[in-house]
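Asker: Each chain, letter by letter, is given below.
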Amino acid sequence: MELALKIGVAIILVMMIWRLYPAAREQMRNGPKGTGKEWQSVALILLAVAAFVVFLIFSVRG
Amino acid sequence: MNQTISAPRSQEQILASNKVLKNTYLLLSATLLFSALMAAVSMFLQVSPMFYLGSVIGAMVLGMFVLPRTANSASGIGVIFLITGLLGFGLGAILQMYLALPKGPQIVGTALAGTGIIFLGLSGYALTSRKNFNFMGGFLFAGMIALAVAIIANLFLAMPALSMAISAAMILVMSGFILWDTSRIARGEETNYIMATYGIYLSIFNIFISLLNLLGIMGDE
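So the sequence lines, in the order shown, correspond to chains D and L.
The opening position of the first sequence corresponds to residue 77 in the working numbering, with each subsequent residue numbered one higher.
The opening position of the second sequence corresponds to residue 422 in the working numbering, with each subsequent residue numbered one higher.
Next up, chain L with everything else stripped away, as it sits in the complex:
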């Protein structure tokens, strides 16, 4: 009774959604490479870990107020590179901290590989199954709000157990967002590849940061 019934899509709609998908993955690859470059620059410059919080503030302000206004124009591409560059630069400061741990290089390498496998597995599943994951929307938005409240609390409480619980829940919610975003693009419901890239980039970034946190805390005896 509650199942979504959709009309068959025309050849043009399928071509249009394939074009959005191709552009999204191209822009996603470019932004991820740019982030990695900026992370390397930040590590070379040995930026203070506090810069991570500053970069998150800058990226979130740009993502909430500037990107939605520019996503339909060419300047949107500049804004998304600015956001991902900022996040990459902040990430470099965090990576320095992890690399200084006894198993640092292994933790960073495992988090990177794990994030790649989770993203490829989930987006591959959403693309090949062509399932409609729209029903997850309410659950994902509510989950994101609950996580934001928990993150605000832990900014000041700094409880390791809460930090681990937030990271574990973040990985699951962001995995859900990858399924939701990818299925929306594949089904032609997301037509702006810049906004689509931003959504998937944030999911990948958050999974990577959360995996780093979990492996950093639990990866040692």
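Here chain D stands alone, though its shape is the one from the complex:
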């Protein structure tokens, strides 16, 4: 039963990749490109999220 469910999830994920791939290719080829400064600001935001997650882990460990 569990294996059947896992195979079901895998099939659905493959279908999701199949549908996402054209959009991803289009975005990477023709989508707007960010400047170095724009990527830097996104990297800082994601770094802040990562630091917050580390803080949450340590707060649970006590």
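These aren't lab readings, by the way, just hints derived from the structure by calculation.
Don't take each hint at face value.
[Said to hold, decoys possible] Interface residues of chain D toward chain L, partial, derived using beta-carbon atoms under 8 angstroms:
hint: 1; residue: I93
hint: 2; residue: L96
hint: 3; residue: L120
Being a predicted model, the structure only gives us computed values, none of them experimental.
Built from N, CA and C at the ideal position, the CB exists for glycine as well.
Chain L: place on chain D using the hints.
Answerer: Here is chain L on its own, set in the frame of chain D:
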């Protein structure tokens, strides 16, 4: 050279995007509450954790094939409640497992609070800064595909280290999606509040599940 140049938006466009934003947050609140209710029902019924996989399959089928066809009609609201209810019901089965751990209630509470803070912080930043995060599209879609491949592999390999790496990467990719989705709504590029709600709901759901996984594995000595 590569910077996006956009024309100034008219008063009507601003009003229209504000309306989509308001409707999105209203529907998001309602779907999150409905999910929590369904999670409570599932915990009360003590549903098997295997039901989580079944609910994910059902929700993904509805999200990929039914929601895009109904999102422009009133039936789209019923479909999104069905999807979020299913995911909530499956989540209840997982929460039971976490609550049975020694620090279970603390892990679940911390994951819930953490998800709320991440979502409010990122969407607040995207709304107040009014920055255009469209340039992240390719990176986010490629990241999602890479994550889907890793999830398929780990469904059968069941490696804890890979599971942790997937959860950590999922939190970052979904955080990026919150910035991307919110900026698209605020800038009037997303005009369907049902699809907007679905995108943000999935980001919140995935961040919560990934945080639960990380805190469950790493939260203990």
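Asker: Work down the list of hints and note, for each, if the structure agrees.
Answerer: Comparing the hints with the structure gives:
For the restraint placing I93/D at the interface with chain L, the shortest Cβ-Cβ distance is roughly 5 angstroms, inside the 8 angstroms limit, so the hint holds. Using the Cβ-Cβ criterion of 8 angstroms, the hint placing L96/D at the interface with chain L is satisfied: the shortest such distance is roughly 6 angstroms. About 11 angstroms separates the beta-carbon of L120/D from the nearest beta-carbon of chain L, more than 8 angstroms, and the hint is not met.
Violated hint: 3 only; the structure is consistent with all others.
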